[in-house]
Each structure stands twice: as C-alpha cells, then as structure tokens.
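Participant: One letter stands for each residue in the lines below.
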Amino acid sequence: MSVIIFIDQTEGHIKKASYEAMSYGAAIAKQINVPAYGVLLGNVNDDIAALGKYGVSKIYHVTDEVYNHFDAQVYTNAIAEIATEAGATVVVCSHNQSGKAVAPRVSVKLKAGVVTGAISLPDTSNGFVVKKNVFSGKAFAFVSIDTPVKVISLIQNSYGVNTAEASAEVITKSVAATAKIKVTAVHKVSGEVPLTEADIVVSGGRGMKGGEHWGILEDLAKTLHAATACSRPVADSDWRPHHEHVGQTGIQVSPNLYIAIGISGAIQHLAGVNRSKTIVVINKDAEAPFFKVADYGIVGDAFEVVPKLTEAIKGLKA
Amino acid sequence: MKILVCISKTPDTTSKIAFKDNNTQYDENGVQWILNPYDEWYALVRAIELKEKDASISIDLVTVGLADSEPIIRKALALGGDVAHRINAVSNDSYYVAYQIAELAKKEQYDLVFTGKETIDFNSSSIGGMVAELLDMPYVSLACKFEINGTTATINREIEGGEEVNEVVLPVVVSCQKDMAAQRIPNMRGIMAARTKPLHVIEPVAVDALTTIVKYELPPARQSVKLISPDNVAELARLLRDEVKAF
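Chains as they are written, first to last, in my numbering: chain A, 1 to 318; chain B, 319 to 565.
Isolated chain A (complex conformation) (with noise of 0.2 Å):
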C-alpha cells in the first residue's frame, strides 16, 4: 500500500504547487502508516533525487516523449497504471489547472471516489473524510470517500509546504502512449509571477481611477514578488488585460496574501478571492464590504498609502 502525489511540471521545470502536493501526501500517509511516492511525467531538468525532501521516499519518472506536454488523458493513463502497481490506496495532486483535469480521469480510471480542492488533511479515525471548499469558499464540506482507492486535488496554498533533509530513490519507467491533444503554441505573460501561482497578490479595482495609475501597484508588487490582479469592472474597461481578472467569473485565487487596493469588495469579487489566508484592504471608503472579510484595513487615498507602504516594505527589508 502506499501514498501516490503526481509531480507536476511545465517546460521542464517542477511546478512549485507540486511541492505543497508531496508534503500533503506525505503527511497523510504518515498518518495511514504507508510510504508516500511520486509520479513524475516528463523530462525535467531540476534535481528529481532531491525532491525527497518532501517526503516522497520514491519517485517513478516515466520518460517518454509524449509526456514532455500535457494531455489529460495519457497522463491519467500514465498515473494509474503506476497507482496500481504501486499498490495506491491514496492518489494525490494538487487542484491547479492539471489537477484539475487530471484527478477526476484517474478517479474514474481507478473507480475511486474523488474530493477536489481538499483544504487539510483527511480525517482517518472513522472512515476517510475530506474538507473542501463549496459555495465559492462561502462554507465547506465533509465529504466521506466510500471507495478502497480514493483520489485528492489541494487547494494551492491550503496545507503548506514541509521539508526535511531526504532523498529520493529515482525509478525510470517507460508507459507507451500516444497523444491525442497537440500542443501548438504557448502564451506566456513575460516577465510577471503568474498570478494563480502567487504567494502573494496585489490587486487594484475601480478606485485606481485608470489603468494609467498601476505604476504604484507594479512597484509595491515588485517589492513583495507577487503577481497583479484586478477587480472585473478593470478589466471590462480596458485598464488591465483580462487575464488578471479575479472574481467568480474570472480567475480564483488562493494567495497566502492578497492585498485590495480601490476595490469596494462586491460579492462576486469575494468568490473569487476568499480562499485567500490574509487579506489587506486599502480603500478611502470605510464602508466598502471588502473591510467585513479583511484581517488588516487601512481606510485612507490609495494614492497616497500605497506608494508609502512600498517605501516602508523596502525600507524594512534593507
């Protein structure tokens, strides 16, 4: 029996999200008393052995081509067949743009029940029950998988990410397979964290009064490393690409911070960022939702506190 995390990767680099997976997978079979492995697809060109220090005592790294990109369905293929011969009672990745399209294919793959956007650790002392969130972050559920096998995505930045000094035994598999999906083109946004990624998130709404005003923001951002967002009606107008939209019906984000600079906290606005650990409003109206749902709140001109926030963070960090 054991504990499998898919290790996902993008051009030949470990998504950093893989990490927080193996240390979530590590922990519950820690918990079940079984070794936790990894499933790595795809030549990378990072350190594979070292990535025991998250807690996976072995990693199968199947090298065929095909696997270089992602195709949900080979890559399904690829894990479960692994799952099986690793004798997997858990499978685990974590709820990014894979996962998402990964677990709910190995879960039928394996007839295993599956929770997405698992928040903590299962609860094993009777049955096995995993917390995730429902409602777009409004409430969570208890959800109880009945099944031998069970399969978990996580949320990013739910659990967090455990190292200690390990390595891991480095297995070389081969899984014939043939791709059906062809990767033609890669956009990337250059030269900016991406935002479902981030740590941290700084975020500008209507407030800004134009796009020609997110000079402050970038240097703030900057100064912390995190990627930039912006509320809906942004986007709609044009100040900021759409791909920064965050909300219910844009991106959703799951940042450890997420600072809100000018936006009034609408709730389709929240839907999108709840999940966040700290949120930080700065906004001259005091009576803008967003302040119910914050941890800190500075009710002042955006204008004026960001650019001093910005200088006070650097000049902490000299």
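Everything labelled a hint here was simulated from the structure, so no lab data went into it.
Among the hints, erroneous ones may be present.
In silico negatives: residues of chain B with every beta carbon more than 10 Å from chain A [unchecked claim]:
1. Lys-320
2. Lys-338
3. Ile-366
4. Lys-369
5. Ile-375
6. Asp-400
7. Ser-409
8. Gly-446
9. Val-458
10. Thr-469
11. Arg-475
12. Lys-496
13. Ile-503
14. Thr-529
15. Arg-540
16. Ala-564
The calculated label-pair distances, taken between Cβ atoms and stated as ranges, are [what the hints assert, rightly or not]:
17. Asn-467/B to Met-1/A: 27 to 37 Å
18. Asp-123/A to Asp-526/B: 21 to 31 Å
19. His-518/B to Phe-303/A: 54 to 64 Å
20. Asp-526/B to Val-183/A: 35 to 45 Å
21. Asp-429/B to Lys-314/A: 24 to 34 Å
22. Glu-85/A to Leu-488/B: 26 to 36 Å
23. Ser-120/A to Val-408/B: 23 to 33 Å
Backbone N, C-alpha and C define an ideal beta-carbon position, used for all residues, glycine too.
Got chain A; can you put chain B on it based on the hints?
Facilitator: Frame of chain A, contents of chain B only:
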C-alpha cells in the same frame, strides 16, 4: 455535427448560504436558482455561436436533476439549445452525475461535449474530466477560446501565467471558462420557441455513488479587521513582515 452542453442549476451568487438537518443539507429556503454561470455564459453561448456560423450544428442540453430544474432548462432552450434531456435524479456525487451524462452521450454519439469549468455551488470541476474518461475521449479543461475547422478543434486553455494552444481531432470534451463567448440574454422569440422545444425526461441508470457529504460547515466569523491609520503606513509594513511573514 452534434454538440452536448452539460448544464446545472445553482443558487444565485448572492444567495444566503445556510444549512439544515444538523448541517447535513443545504437550506434551499428562499434560494433563487440560476443556470450555472460557467455553463451558460461560456459553454452554452459558445455552442450557440458555433451554430450561428454553421447551421448543420445541433445543440443538445443535459442536466441531472428533478423537475425543479426545468426553469433553467427552458432558459437554456430560450438562449438557443435545440433539445433538452433531463435525467430524473439528484445526487451530490460527481461520479453518479457524470455516469448518467456519459450513458446519454454513448447513445447519442456527440462530436463535442461542453461543460462549464465548475459549478458555483460544489466547485468540483469534475464532470468534464469524468465524462471524458467514461467516453474514452480527450479532455481540454479551462478552455478560454474554441475554434473549429472541419473535424479539428483549436482550443486555448489556461496554464500558469498564460495560455496554451491545443489542437485535437473530434470528438473531445471541453470545460469552458471566461473569454470563451460574449454573455447574452434570451430574446422574446427564443423564449416563445423554448416552450415547444423537446425536453426528454430520462430515468437514471443504476450506479453507486463513490462519495457522500457527511456535513457542511460555515467558516468561522472572521476576526474584525485590524484598522491601521493612514498616517502610520509603516505599521502595516511591520505587520506584514512580523505577523503575515510576507517578506
């Protein structure tokens, strides 16, 4: 070409979230039900846009739900669906729901299956992937652009910090999100036509659910916000370092 659009009813975004029966059931009292926004704005409307360019396309709708789902089915028909299938069952288990949809799809042989990227109540983003696996079809999730040329689809999907362009030969299952289509509202002609469009009620096939919801919980009330004076911004920087450990 036949497109299947999977739709679901969800509580309106502004609905109050409350639970009953010892926190084991969602309290539907006073809830306004809507067509799940991702199913409507992106999956269904994109299918309609494709049909407007190619009249040979037909759009089927499917939902797994009881008779109280019919208002949202009629709305989807009013927007531009041709035929609706309501599988007469209710379940919170994704596998059960996906299985019912896949059984219909096996009979009807669709070229394209669209779902929203998730429902706004359970946020599971599971149905598309499960249906794809049950039908042994490729799956592109979180699609933000979809074009078709003959039997080849070109699909942009969200990746970390950008988009990836995928090419795939039909059939394919696609989960849809923002930028797929422009939001629209049903017109009077559509609403009138929807009244007489076929809505087939199908009894579910027997299959076991793989999960059970044990209970729900509301998040603990957030501690009230710690307000910092705008004259003391340095204090916020200090808190971000010492309490939040942001740097």
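Participant: Going through the earlier hints one by one, which of them does the structure break, listed in rising order?
Facilitator: 8, 9, 11, 12, 14, 15, 16, 17 and 21
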